[in-house]
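Participant: Residues per chain, in single letters:
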Amino acid sequence: GAVVSQHPSRVICKSGTSVKIECRSLDFQATTMFWYRQFPKQSLMLMATSNEGSKATYEQGVEKDKFLINHASLTLSTLTVTSAHPEDSSFYICSARGKGIGADTQYFGPGTRLTVL
Amino acid sequence: DQQVKQNSPSLSVQEGRISILNCDYTNSMFDYFLWYKKYPAEGPTFLISISSIKDKNEDGRFTVFLNKSAKHLSLHIVPSQPGDSAVYFCAASYRGSARQLTFGSGTQLTVLP
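Going line by line, the protein sequences match chains B and A.
Residue numbering for the first sequence follows my numbering, beginning at 1 and increasing consecutively.
Residue numbering for the second sequence follows my numbering, beginning at 1001 and increasing consecutively.
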C-alpha cells in the first residue's frame, strides 16, 4: 500500500515551453501533497505544500507564477513549470500523506527528470 | 540553521554486520521522525518511523531508537545486506507545520560483500 506515481518519469523540452508533471496516490486519499526539487548531491528542497481543493503554499524563494500547482482531487496533484528555462532543469519529486495509511508519513513518488534545452 | 543533522556523510559495513546510522535534531517541537532510503534518480522510499511518545520501533531488520533528552535518533539495520547500499535520510516533522519534513543531509551506506 501507499504507492505514489509520477508521470512522466523524464521529459526534455525546449526553452520557453511549459511542462506538466502529474503526481498520483494510487491506493490512498492524499489530503496533502508536497512538491520537492533535488539538485545534484543535495538533499530535497521543499517547493510547496498543497491541500486538496485549496491553493498551494509556496516556500520562500519559489516563484508561484512559474511553478503552478493544482491539487484538484484527493488522488491527483499537478506541477506545471511555465516558460521553462535551462536553470529549471532538475529532478522533481512529489510526496503525499493521507487517510488510512499513517497520516503523519509522507510517501514519495519516483521523481521526474526535467531537462530544458 | 540545520535543524536535522546527519554528521556522517558515509558509512561502510561488512555484509551480515550491523549498520548504525545516526541523526541529531535541534528543534524540540519535532514529534515524528522518519527514515528514508534513496537511490540516485529515484524518490525516497519510506523505511520506518517513530513517534516522540516512543523510544524504539522495530520492523524486520530495521530498528529506530529515539533519545529525546539527547535529541538523537539512530537507525539499526541487522543484518546488513549488499542491497541496503543507498543514501539514508532521516527526517522530522511536527503537527503545526502541516507535517512538512525537515531532512538531514543523508548518509551513504555501503555494505561490502
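The reader is advised that the hints may include incorrect statements.
Some but not every residue of chain B turned toward chain A, in silico, with C-beta under 10 Å [unchecked claim]:
id: 1; residue: Gln29
id: 2; residue: Phe34
id: 3; residue: Leu44
id: 4; residue: Gly53
Label pairs and their in silico Cβ distance ranges [as the list claims (entries may be wrong)]:
id: 5; chain 1: A; residue 1: Ser1097; chain 2: B; residue 2: Gly53; range: 29 to 39 Å
id: 6; chain 1: A; residue 1: Tyr1039; chain 2: B; residue 2: His7; range: 15 to 25 Å
id: 7; chain 1: B; residue 1: Thr17; chain 2: A; residue 2: Asp1055; range: 47 to 57 Å
DMTMM-like cross-link-like pairs, simulated, lysine to aspartate or glutamate; straight-line CA separation at most 20 Å [claimed, not checked]:
id: 8; chain 1: A; residue 1: Lys1037; chain 2: A; residue 2: Glu1058
id: 9; chain 1: A; residue 1: Lys1056; chain 2: A; residue 2: Asp1031
id: 10; chain 1: A; residue 1: Lys1037; chain 2: B; residue 2: Glu87
id: 11; chain 1: A; residue 1: Lys1056; chain 2: B; residue 2: Asp104
id: 12; chain 1: A; residue 1: Lys1068; chain 2: A; residue 2: Asp1031
id: 13; chain 1: B; residue 1: Lys41; chain 2: B; residue 2: Asp104
id: 14; chain 1: A; residue 1: Lys1037; chain 2: A; residue 2: Asp1024
id: 15; chain 1: A; residue 1: Lys1068; chain 2: B; residue 2: Asp65
id: 16; chain 1: A; residue 1: Lys1054; chain 2: B; residue 2: Asp104
id: 17; chain 1: A; residue 1: Lys1071; chain 2: A; residue 2: Asp1024
id: 18; chain 1: B; residue 1: Lys55; chain 2: B; residue 2: Asp27
id: 19; chain 1: B; residue 1: Lys20; chain 2: B; residue 2: Glu52
id: 20; chain 1: B; residue 1: Lys41; chain 2: A; residue 2: Asp1031
id: 21; chain 1: B; residue 1: Lys14; chain 2: B; residue 2: Glu52
id: 22; chain 1: B; residue 1: Lys20; chain 2: A; residue 2: Glu1042
Hints are computed from structural coordinates only; laboratory data are not their basis.
Each residue gets a CB set at the ideal place from its N, CA and C atoms; glycine is no exception.
Participant: Work down the list of hints and note, for each, if the structure agrees.
Facilitator: We went through each hint and held it up to the structure:
| no. | hint | in the structure |
| --- | --- | --- |
| 1 | Gln29 | violated, 15 Å |
| 2 | Phe34 | holds, 7 Å |
| 3 | Leu44 | holds, 6 Å |
| 4 | Gly53 | violated, 15 Å |
| 5 | A:Ser1097 with B:Gly53: 29 to 39 Å | violated, 20 Å |
| 6 | A:Tyr1039 with B:His7: 15 to 25 Å | holds, 19 Å |
| 7 | B:Thr17 with A:Asp1055: 47 to 57 Å | holds, 52 Å |
| 8 | A:Lys1037 with A:Glu1058 | holds, 16 Å |
| 9 | A:Lys1056 with A:Asp1031 | holds, 14 Å |
| 10 | A:Lys1037 with B:Glu87 | violated, 27 Å |
| 11 | A:Lys1056 with B:Asp104 | holds, 17 Å |
| 12 | A:Lys1068 with A:Asp1031 | holds, 10 Å |
| 13 | B:Lys41 with B:Asp104 | violated, 27 Å |
| 14 | A:Lys1037 with A:Asp1024 | holds, 17 Å |
| 15 | A:Lys1068 with B:Asp65 | violated, 41 Å |
| 16 | A:Lys1054 with B:Asp104 | holds, 15 Å |
| 17 | A:Lys1071 with A:Asp1024 | holds, 6 Å |
| 18 | B:Lys55 with B:Asp27 | violated, 24 Å |
| 19 | B:Lys20 with B:Glu52 | holds, 18 Å |
| 20 | B:Lys41 with A:Asp1031 | violated, 28 Å |
| 21 | B:Lys14 with B:Glu52 | violated, 31 Å |
| 22 | B:Lys20 with A:Glu1042 | holds, 19 Å |
Checked against the numbered hints given earlier, the structure breaks hints 1, 4, 5, 10, 13, 15, 18, 20 and 21 and satisfies all the rest.
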